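Chains F and U, in that order, are what the protein sequence lines are.
Counting from 1, position 74 in the first sequence corresponds to residue 74 in the working numbering; the numbering is continuous, with no gaps.
Counting from 1, position 63 in the second sequence corresponds to residue 63 in the working numbering; the numbering is continuous, with no gaps.
Since the hints were made in silico from the structure, they are not lab data.
There's no promise every hint is true.
Since copy identity is lost for identical chains, a pair holds within one copy or between any two.
[What the hints assert, rightly or not] Calculated pairs, DSBU-like style, for lysine-lysine (alpha carbon to alpha carbon, straight line, at most 35 Å):
{"hint": "1", "residue 1": "K225", "residue 2": "K351"}
{"hint": "2", "residue 1": "K168", "residue 2": "K322"}
{"hint": "3", "residue 1": "K160", "residue 2": "K351"}
{"hint": "4", "residue 1": "K271", "residue 2": "K309"}
{"hint": "5", "residue 1": "K286", "residue 2": "K149"}
{"hint": "6", "residue 1": "K223", "residue 2": "K76"}
{"hint": "7", "residue 1": "K60", "residue 2": "K329"}
{"hint": "8", "residue 1": "K269", "residue 2": "K59"}
{"hint": "9", "residue 1": "K196", "residue 2": "K274"}
Bear in mind that the values here come from a model prediction, so they are computed numbers and not experimental data.
Now for the letters of each chain:
Protein chains: 2
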Amino acid sequence: MTKIIDPWGSELAEDYDKIVKSFGLGVFDSSMFPEPNRIMRRGTVFAGRDLKIIAECIKKKKPFYALTGIMPTGDKIHFGNKMVVENLRYFQEHGAETYILVADLEAASTRGVTLEQARQRAMDFHIPAYIALGLDPEKTIFYFQSENKDVMNMAYEFAKKITLNEFKAIYGDADPGRIMAAVTQVGDVLYPQFKKKMPGIIPVGIDQDPHIRLARDVVSRVKSKYGFIPVSSIYHKFTPSLEGAIKMSKSRPSGNIDLPEDIKEVCKKLKRAKTGGRETVEEQRKIGGQPEECMIFEMFKQHLIEDDKQLNQIFQDCKTGKILCGENKQRACELMTEFMKDFEEKLKKAKKNVNKLNFIKFT
Amino acid sequence: MTKIIDPWGSELAEDYDKIVKSFGLGVFDSSMFPEPNRIMRRGTVFAGRDLKIIAECIKKKKPFYALTGIMPTGDKIHFGNKMVVENLRYFQEHGAETYILVADLEAASTRGVTLEQARQRAMDFHIPAYIALGLDPEKTIFYFQSENKDVMNMAYEFAKKITLNEFKAIYGDADPGRIMAAVTQVGDVLYPQFKKKMPGIIPVGIDQDPHIRLARDVVSRVKSKYGFIPVSSIYHKFTPSLEGAIKMSKSRPSGNIDLPEDIKEVCKKLKRAKTGGRETVEEQRKIGGQPEECMIFEMFKQHLIEDDKQLNQIFQDCKTGKILCGENKQRACELMTEFMKDFEEKLKKAKKNVNKLNFIKFT
């Protein structure tokens, strides 16, 4: 099989190769899409399902949609959310009708908050945060899961199309709560097609692929009745932990950066990050660093440096020993400060205008 | 354990004893309730859960509710539905707030009809039929499952409270569709308590007990959050098939009577019914018949004869050989003709007024 293209390398790449193979995904080819975004160009977006259909819609200006969900718990988002929004934004800018559902039902049932609290959190933080990351507030359509009868009714019907064993094959386990959440998500994923049949693209982290598979299975089973078009999906890698784990995690705060997070704390963490540096400065000057093992370089690549030439220059300068880890950590701190400041300003503005957004009203 | 009281006997009684024992039900005692109805007095109502709470509400005129669901498929109901309505009516007449939900979601997902068709069938036939059986049209509250967001949201939350193994222990199997239907039914059963905590009674055939058990399990698990009161239930036996099977079934039409059904056909079936008659008239005159094995007598007891003394007289006259099977079959045909005519007249009237009923409007 084709190896996942990651032009600047990463020690994590091999795992993603396996995932593509075992999940039966298509390797992502950025040349299919006009003006690919930063994470598409750099191998962070690494796989997809039925991406040709979406590329075709963009090329021929045919209608399609892009959709994601917000889980309104806590008062932070993470880099995974950021990448989802960046891909969503890419498709929005290339013609997609853009939907964001607030998974208040799921939040209420799993996190011990009421529906009202979940709704409030979404309005106070999560929705503004998604807008702050660059979505067009006028072109993005929102709805609350708990209000969407159509989705719930459809979920009910979808549940009858799947056996317990099929469910287990996709999800590993099959507790009633998980089943209910999963079929509701299938309803959400297909919701834009309830009124207009069109292709749709769901940008997700690879851990969300079971939902995509379930949605595609269901589509094929209700084909004669509803004629839904199987949804396409596009997968990005995780942002690795600053300490080198495959994924940032709140349970290891020293390797994790939240959005927003106090920038002084962030810079402290960046200074302690795992790099590809050598034992001594002399050695590094002589044989060069290993950017493909460096979490600071991963942050540059995935999030902090937009310009490919500039990123490439850093890669080369590290490889040849021209720049050292300390300089790059300092640069990461500066770029992160800039990013965090910009995000917080946009967040503030988005919070003020949250009531003006397009929320679907259900009767 | 106490034997189920069935004052006029029945060869089917023994099975119900076993059910009471294995399901952990309470034996029904009609002396707990004022003016018990025909099926309560005669052992057709044979068991319940937490019936004292309901008896107490009736006695002290405290608020409580009674609830059942309508499955809007086909254009007939059956004697099981009739008994549910009779019990519902009993509690309505003794102070219960009365709810009937139309299970249009379940109908749509299992019977290949659309929600609109299910709704239409309910309006055209099932709802009027329930009213025709004697419910007070002004005091009965209806809603459509597919419109009730509150129930669906609650079902979502309930699903998280049950493990797959617990579900299997209750239902035997646990396909996703069944899980979804079951947790939705739990939402329905508790719905009247969403706004006002009060005891509720659910009249059901014994085959519906798993839903009651699930609802009661869920109530105990969300007690600290919602404080629901566990629902009570009351169970009636099946109306046996005219051929002697424990239950009428559409798959054996010769033993089955629908409501409504052409009375000529019905009388033909009654004439061929299984009785407790002897080989010859002479023998029967001499040693008497066996009303406890007679399906005609079961019809008298469960449905056709209101007066206990009159029923008792028939029992005695059969036992002593004073009346023969032919006479009783003729009497059953006459009583059924009367019942069917009355039902169809009331149905016609209820159909005309169906739009004036109290349907909950959801916003």
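Here is what the structure says about each hint:
{"no.": "1", "hint": "K225 / K351", "result": "between (42 Å within a copy, 31 Å between copies)"}
{"no.": "2", "hint": "K168 / K322", "result": "neither (52 Å within a copy, 65 Å between copies)"}
{"no.": "3", "hint": "K160 / K351", "result": "between (41 Å within a copy, 32 Å between copies)"}
{"no.": "4", "hint": "K271 / K309", "result": "within (25 Å within a copy, 95 Å between copies)"}
{"no.": "5", "hint": "K286 / K149", "result": "neither (65 Å within a copy, 68 Å between copies)"}
{"no.": "6", "hint": "K223 / K76", "result": "between (39 Å within a copy, 31 Å between copies)"}
{"no.": "7", "hint": "K60 / K329", "result": "neither (44 Å within a copy, 76 Å between copies)"}
{"no.": "8", "hint": "K269 / K59", "result": "neither (43 Å within a copy, 70 Å between copies)"}
{"no.": "9", "hint": "K196 / K274", "result": "neither (49 Å within a copy, 58 Å between copies)"}
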